[in-house]
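Asker: Letter by letter, the chains look like this.
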Amino acid sequence: MLKVVNAALVVGLIMSAFVLYSLEHSFRKHERQIIALKQEIHQEGENIKLLKAEWSYLIRPERLERLASEHLQLRQSRPYQLVKHSELAETIPPRRAVEPSDGSTDLIGKMLKALQ
Amino acid sequence: MMVRIDQTAKSGVASGLGGRNRLRLVIVGFAMCFALITGRAAQLSLLAPEVKKIVRDDHYRIPRPDIVDRNGYLLATDIKIASLYANPRKIIDVEEAIELLTAVAPKLDSKVLYKKLTKDRAFVWLKREVSPAQQLAIHNQGIPGVGFRNETVRVYPMGRLAAHALGYVDVDSRGLSGIEKYLDDQGALYTASLAKPEDRAALPAQLSLDIRVQHALTSEIKKAIHVFRAKAGAGVVLDINTAEVLAMVSLPDFNPNDPRQAQDLIRMNRVTSGVYELGSVIKAVTFAMALDTGATTLEGRYDARQPLVIGRARINDFHAQKRILTVPEVFLHSSNIGTARMALDVGLEGHQAFLRKVGLFERLLTEIPEAAAPLLPKRWSKLATVTAAFGHGFAVQPLQGAAVTASLLNGGRLIRPTFLKRERETVDGFAKQVIKPETSEKMRYLFRLNAQRGTARKAAGEALGYRVGGKTGTAEKVINGRYSRNHRLTSFIGGFPMDDPKYVVLVMLDEPQPLKETHGYATSGWNAVPTAGRVIARIAPILGVEPRYDEEERARLTKLRSKDQGY
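Order-wise, the sequence lines are chains B and P. Once you know that position 112 of the first sequence is 112 in this note's numbering, the rest is easy, because the numbers rise by one and skip nothing. Once you know that position 305 of the second sequence is 421 in this note's numbering, the rest is easy, because the numbers rise by one and skip nothing.
A few of these clues could be false.
Capping the alpha-carbon separation at 20 Å, the derived lysine to aspartate or glutamate pairs in EDC-like fashion look like this [said to hold, decoys possible]:
1. P:196 to B:40
2. B:49 to P:245
3. P:338 to B:62
The set of hints was computed from the structure by calculation and includes no laboratory data.
Required output: the full structure, derived from the provided sequences and hints.
Answerer: Right, dumping it as structure tokens:
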């Protein structure tokens, strides 16, 4: 009776030791992973900061102005180029009246004639 | 022997019982010990899963906050930069090490390297600020005795833009001027409020500056300095209702990434660390005072036929009209005589009290530590009042001039300017009513009139539709203790749009030269005023101010449009 109990205890002991050590092993592995990830996050954070600084360096208004004048056909807008919605009609430059080439003035009449 | 056996036999039951008891005692003892150990083990493993740190974390210090503009654009940040060092005692083959290093970093001089690597020292810097790509390449070569150290460097990606407001730091990242110094010194509480200790990070410090406005102001003043061959120039754009500084420039400026340049006196911040006789700009203050105290009204008249004689001094007009002027005419012609009489009407006591009330007698302190105290007359005599009325013998920071003008135009509320973003609601807590809202209304009228018909005409001409109003100033500079006719400081201060003022613009040029195009004039109306007009024309669309035209402007507009083929 006692022998059986002892044997069972020994087996139990070995098994629990195995479980314990394998648990600890995986725990250590995860711990290392966490540290590695934390370091990676930190490194990425530093990279982001560096890129942000670089971005800010690239969008300097003075540089954008220079590039725009070199590569674009655009100019600085002038106040008189802004027109209010309600004043749009009076600011449109007068359109040249269409003059028919053959001298006649009745365009619609001509179109109707062509239809017939 | 017998006896002994007998004894045992005799006391068999008793001694057997004693042995069992002892055994039990031992079992219980051991069981308790094991239970204790098991319990402790369980407690350690299950109840307290605290992980012991394996690597040392050296970012304990809360970093210096980044600085961003009011729209979140980055103006200053800390970046980690690797620096290359070597331990010459550990280097086995110097020749090989040099060969490998110069292969990756051609900028390293092999002779200098040889000298450094053959020294009998344990530490020498080889190269500060190595790029990440180079760092990787050198690291991969695996040269013994060569390594990297990370250093935190403060960088200002926008370079010169807003350099005077930002300031700079020393090699140990301690702020030496501008907002950077503020973050360390007076603003330490503010800096602490930005910190997020749990992340070992800090929120960025958000300034009131707007880089778009800052750039527009800088580039227009730069152009003006070039065109008028001026020695220096400065400008400020202020939000009239919150007194936030949207832009502040002083040229020549410096690059905060290379702060050695900043030591030059010519590169100082003229807006806050210099005091200037703002000349006629101060006249506006006299007008506000006279109108507010009731010493005069807009219908009042002043005799400007004769120079004003005070003791041995004679006060003359620059644009002498030699007639009796109405109050608006005194403003438009910038008459010294008229303004002086106005101040005399208020009286010496009242004049001083008013100047003190609008804060022109004390040093204006903002976040920027470089702040100069005003230069005041030593004794406040009748002559002092007369000259101070038109801004002579009385010098203040240009920013102070801008802040006071803002109060004259915004309904009479004097607000301390700030370089940090501010909510409009918070202003009510410390705004100081210095003149009546009705007086402010009258000042707006005078400022607008001056831009329509007076000395500030060219500003309104450059910024059609933005209802500019302004006052100009041309002060003679003191050279060797005397006012010099040929060394001028010209300035413009104004606001827009005048029907509902939102922004104050100040432009100042130091010794602009007369040009053929300006018909030989070098007064403010020919240089500072058109510059300010161009600044307003550029920043008004950015700030969302809608143009609106009166009849006169509409006619000019049509002309401009028809001239402009690109339209």
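Asker: Now tell me if each hint is right for this structure.
Answerer: Here is what the structure says about each hint:
| no. | hint | in the structure |
| --- | --- | --- |
| 1 | P:196 to B:40 | 15 Å, holds |
| 2 | B:49 to P:245 | 16 Å, holds |
| 3 | P:338 to B:62 | 12 Å, holds |
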